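Chains as they are written, first to last, in the working numbering: chain A, 1 to 427; chain B, 1 to 316.
Hints may contain errors.
Label pairs and their in silico Cβ distance ranges [as the list claims (entries may be wrong)]:
#, chain 1, residue 1, chain 2, residue 2, range
1, B, Pro187, A, Ala287, 34 to 40 Å
2, B, Ala258, A, Ala287, 33 to 39 Å
3, A, Glu154, B, Phe112, 44 to 50 Å
Derived by calculation from the structure, the hints in this document are not laboratory data.
Keep in mind that this is a model prediction, so the values were computed, not measured.
Using N, Cα and C, we set each Cβ at its ideal position, and we do this for glycine too.
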Amino acid sequence: MPGESKVHPKPAARFLTRLLPVLLIFLAVSASAQEREPVRIGFMDPLSGPFASIGTSGLLQLHFAADYLFNSKGGILDGRMIEIVPLDNMQSPTETQIQFRRAVSEELRYIFQGNSSAVANALNTAVLRHNRRNPGQEILQINYSAVDPILTEENCSFWHFRFDAHAVMKLNVLTDFIALNEEIQRVYVIGQDYSFGHVVAETSERMLNEKRPDIEIVGNEFHPIGQVKDFTPYVTKIVASGADAVITGNFGADMVSLARSIIDSGLDIPIYTFYAAYDGITATLGADGKNRIRLVHNDSGNPIPTEERKQFYRDFKAAHPDRDVTQPRLMNALSMLVQAMEETGGDDPYEVALALEDMRFTTLSGEEIWMRGSDHQIIQALHISVMTDENIEFDADNSGFGLYTEHFVPAEQTVMETSCEMRRPQR
Amino acid sequence: MPEVLVFATLNGLVTGLLLFMLASGLTVIFSMMGVLNFAHASFYMLGAYFAYSISLYFGYWTGLILAPLIVGVLGALVERYGLRRVHQHGHVAELVFTFGLAFLIEEAVQFFWGQDTKNYQTPDLLDFPLFTLFGQEFSAYRGFMLAISIGIFIGLYQVLTRSRVGLIIQAAISHPHMVANLGHNVPLIFTAVFGVGTALAGLAGVIAGPVLTTFPGMALVLGSIVFVIVVIGGLGSLPGAFLASLLIGLLQSYAIAANVGMPDLLALLGLEFPRSHPLDDLWTLNLAQIAPILPFLLLVLVLIFRPTGLMGKREQ
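Put together the whole structure using the sequences plus the hints.
The structure is reproduced here in structure tokens:
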């Protein structure tokens with residue numbers, strides 16, 4: 001209506017309309033100061049499908065670590081929060097390519113990945129190609145668990161950092177330990193039929209031949225990964241071979257089924273493993289696994305050396321009563337990454353990668369670990385633990401059973417030569 | 001070597017009979033309704049999970065009885081309110097329906113029970129070795145599995161061949177329209193058969209759960225193999241399914257036990273390849289390595305040379 005346009009607003013309203021732009025600007029400024037852009041980190045592992053339990057458990061731990069160690073203390077890089085972005089690759093190299101595209105389009109600069117060396121290799125190739133073609137938009141692969149040595153040897157890359165000892169380092173420690181046991185004369189090796197399983201098989205055989213020529217390898221068996229319903233037929237062969245120890249790199253359901261079948265057959269021999277604990281495995285094996293299951297891993301499960309790490313475990317348990325801290329190396333990787341960012345004062349992957357090289361870092365356990373610059377392989381102490389319910393302060397799966405360190409190898413004794421000839425990109 | 005043979009046979013029988021429990025339901029459902037129930041193995045998984053939860057409160061034996069009943073009722077409901085509605089849109093719709101159902105059940109299981117392996121144990125009563133042969137124990141529980149499976153087979157066979165209900169079902173398998181014209185309530189028979197079929201799958205899950213581990217991927221691991229059995233046995237043939245189950249159980253078991261492979265074959269032919277040969281993976285392959293995929297190889301062979309399966313009669 002034309003008459004209304006001539007009506008002047010009341011003084012109070014006029015005052016408000018003038019104040020509004022000022023208010024808006026003020027709000028915008030304060031919001032940007034408080035809420036700076038988060039540092040986004042991708043977590044690419046199986047979050048669905050047969051291996052989902054390991055992936056989701058890792059995601060939960062990384063989330064917790066980011067909040068507990070950094071976000072609750074005001075974030076990193078002067079107030080930026082860490083945001084973890086889950087990328088479900090279903091543990092398939094094909095799906096990994098798709099998820100990697102997604103990571104690129106979401107402009108993620110850091111991707112954590114750990115499960116399956118086949119996936120890690122695929123990701124390594126994808127990252128290398130992407131970084132070559134898109135200078136200035138590089139992506140860093142933070143490998144917290146895939147242990148095929150090839151990733152830090154023939155296929156080593158400037159853009160890949162491994163925060164777990166690789167399979168040959170672990171096997172070196174494990175075979176040393178087995179060699180000490182005079183009672184072991186016949187060893188059976190069984191594993192999943194893919195790159196990591198083959199590395200375990202070949203390395204165990206080679207190293208045991210060197211260290212204890214009297215030990216006979218009575219079996220070296222592969223089975224398809226995630227396909228075996230019942231391991232009893234395999235166990236029949238193990239029994240028939242007269243083996244007095246088993247080495248396996250199996251994980252997930254393949255590990256549980258194998259161990260259960262061995263136990264059910266009444267075969268009372270030690271089983272040397274990489275991954276036979278947590279995520280339901282310890283509870284399922286229960287009392288039958290006591291003193292029989294051994295693992296080679298980093299960061300002691302029991303006893304835990306420092307009060308800080310104990311507190312971390314207790315707080316994690318309070319937040320997630322059904323879960324455990326199964327992979328302390330996730331915290332180590334995140335903490336070192338953050339330290340590198342703080343040192344460079346930003347989140348540029350190239351600078352951060354340079355800062356990570358040869359970084360020495362003291363973990364929550366009070367242990368100094370070293371990221372070797374020549375191949376981007378972490379050097380850390382290794383433990384061989386036995387599954388037991390004695391002297392267990394922090395159990396697994398709320399079962400009363402947990403891992404107790406039986407044998408400790410300091411970091412400098414785990415070092416192995418590398419054949420890596422790294423090509424460093426120049427800027 | 002004899003001990004390997006004996007145990008390989010026993011293991012093969014246990015696996016084979018377990019597979020039969022799944023395959024029997026699947027094949028009867030298929031022959032009656034023309035539906036390949038992709039969710040069949042999911043009911044097997046549900047059986048294991050229900051039994052696990054029940055066993056936490058009331059013990060294993062209550063779970064053994066209750067879990068298959070619950071799964072059976074669930075199956076019947078799925079047929080009555082899901083499949084039957086989809087039925088009017090044709091077989092493809094039904095197929096897609098069961099396919100989706102399989103995913104749904106897997107997600108539901110992960111949602112309610114989580115993704116971890118469940119600590120579902122054999123009952124204490126059966127926690128002893130039945131006998132020890134050549135230093136290897138055969139657990140009483142495996143004996144129990146064998147007994148249950150054989151019992152189910154005999155029971156099913158008796159019902160199908162000797163009882164009136166069995167006669168109607170047999171008739172409905174080969175001539176569904178004729179049976180309907182005779183005044184029988186064919187939809188009700190369908191629901192009942194679907195319910196019993198899924199209950200059998202559930203029972204298989206209950207008894208297999210403690211041995212083969214209870215985890216969300218258990219349906220996936222067994223699902224494909226069950227289809228293989230149904231096709232090899234001949235679609236709709238119960239004796240065929242029985243034969244194929246045992247065949248596949250034993251085939252896998254013997255293949256794993258056998259210590260032969262390409263190196264032996266090459267030695268026989270007097271051939272030798274260096275380790276650096278591009279096909280080295282092939283030349284070092286042994287039978288045990290490919291045992292779990294042998295059934296699929298057999299499937300392909302059967303489809304090529306005998307498309308109706310071992311004992312199938314009906315041509316599609």
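Cross-check of the supplied hints:
1. B/Pro187 / A/Ala287: 34 to 40 Å: Given range 34 to 40 Å: violated, Cβ gap about 51 Å.
2. B/Ala258 / A/Ala287: 33 to 39 Å: holds, 35 Å
3. A/Glu154 / B/Phe112: 44 to 50 Å: holds, 45 Å
The structure fails to meet hint 1 from the earlier list, while all remaining hints are met.
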